[in-house]
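Asker: For reference, the chains in residue letters:
Number of protein chains: 2
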Amino acid sequence: MYRDSKTRTIVKAITWRITATLTTIGLVYLFTGQIQTAVEVGVLEMTAKLLFYYFHERLWDRLMFGRVEVPPFVLWITGIPRSGKTTLGDMVYKKLEKEGIKIQRLDSHDVRPLFPETGFTRDEVNSHIKRVGHLTSMMENNGISTIASFVSPFTESRDFVRNICQNYIEVYLKTTADEISEKYGCELYEKARQGLVKDVAGMDIKYETSSQTELVIEMCDLSLEKATDIIVDYLKKNNL
Amino acid sequence: MYRDSKTRTIVKAITWRITATLTTIGLVYLFTGQIQTAVEVGVLEMTAKLLFYYFHERLWDRLMFGRVEVPPFVLWITGIPRSGKTTLGDMVYKKLEKEGIKIQRLDSHDVRPLFPETGFTRDEVNSHIKRVGHLTSMMENNGISTIASFVSPFTESRDFVRNICQNYIEVYLKTTADEISEKYGCELYEKARQGLVKDVAGMDIKYETSSQTELVIEMCDLSLEKATDIIVDYLKKNNL
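Residue numbers (the numbering used here), protein chains in the order written: chain A, 163 to 402; chain B, 163 to 402.
Any given hint might turn out to be false.
Since the list gives no way to pick out one identical chain from another, each pair is judged satisfied if it fits inside one copy or across any two copies.
[Said to hold, decoys possible] The calculated DSSO-like cross-link candidates involving lysine-lysine, where the alpha carbons are at most 30 Å apart (straight line), are:
#1 LYS168 <-> LYS399
#2 LYS368 <-> LYS292
#3 LYS264 <-> LYS336
#4 LYS292 <-> LYS264
#5 LYS168 <-> LYS260
#6 LYS345 <-> LYS368
#7 LYS360 <-> LYS345
Just so you know, these hints were derived from the structure itself, not from any lab.
Predicted, not measured: the structure shown is a model, and the values here were computed from it.
Whenever a hint applies, use it, and build me the whole structure from the sequences.
Answerer: This is the structure:
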């Protein structure tokens, strides 16, 4: 929660006083035709009202009446490994942070101290994602937006998060393991091809798409900057 | 984060206008000695400035300059089972909530969906408490205060939470298993006495006190209302 500092109140009182006293001087001149009287009233008014305005502001700062909360959102970036989730999440985070919006970034390393290591079976992955979902929901209930980036390949757990959150926006980074391997090379997919690792989304684990996904971004067609703009525009269009 | 609603701005403009136009009428009368001119200037001024004030307010609502965050805190209530942690935490929560302060309540049932069930060995309890600590720290970093109530009998994990949080206040509800059994009866302690359950703080697990604890509340001497007041007063005295 924010409170006005005294400096804010003082500067605000000054910008208002300039607007208001100029109006008064103009009005008094209009009625009396005397520029001297107009300026004298103006000077006295300025002194008295700067003080009154200051205390009026301080009083209102204590009142919650009419203060509305900016609705928080849960931006959920999903896609197979190395599809660009973390980088894109960080880029959107930085862009929104500059505008003074409070956001908690949630990537796998952000939740590691919170949740113990879990395995890669369907049940374990679903449980882990649901836990992260409970966290995003708790943040949302406290007015804090989150940007979460997790592979989260199963619709069951993604839909669970969608249901417990108010403003859930799913962003699916659409690409394939072959595309990624071709563009950047990828040790993980190489190992999976050789059968050295199992449970890799995009290889032996099928990524489950959903018709409910708010934004599907084709990663082979777009730069990360463009993708960031698309997401930020979507949030703004939806007043988030 | 909060933004001013248009209603708030309008009501605020009216309360200010009454203060300000009465001042103007007084001043013009003082200078001209003409009550009619004074009232006419006042009426025109009221119309013009209500509008100007409204837009001045809307503009300032967009500026973050001078808005300061109310510092969040982590209120950590600790003590042996049935010492009154949950009830006291809820009472402090309700009292502060009324004053418009954003707080997340964290009791064992609040964190159950987040963290998997853990055991009762020293290491498991410490890990669980540290996880809760990471959560309180994450909330604090986002400007949200928390009221956590956990047995948390070991100084190791309580000090860990203290170290990762900015405004950590430990409240120890001091009492003994015998006192609780005598006052209210307690199935848990009875079973522990019969050797049917193990790892019970206050019985076979020693509650580790700490010299760093901010508030030690002797539960046998005080009503819960008094204890609530002590905690709320402490927070206010420390500007939290």
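Asker: Flag every earlier hint the structure violates by its number, smallest first.
Answerer: Hints that this structure does not satisfy do not exist here, as all of them hold.
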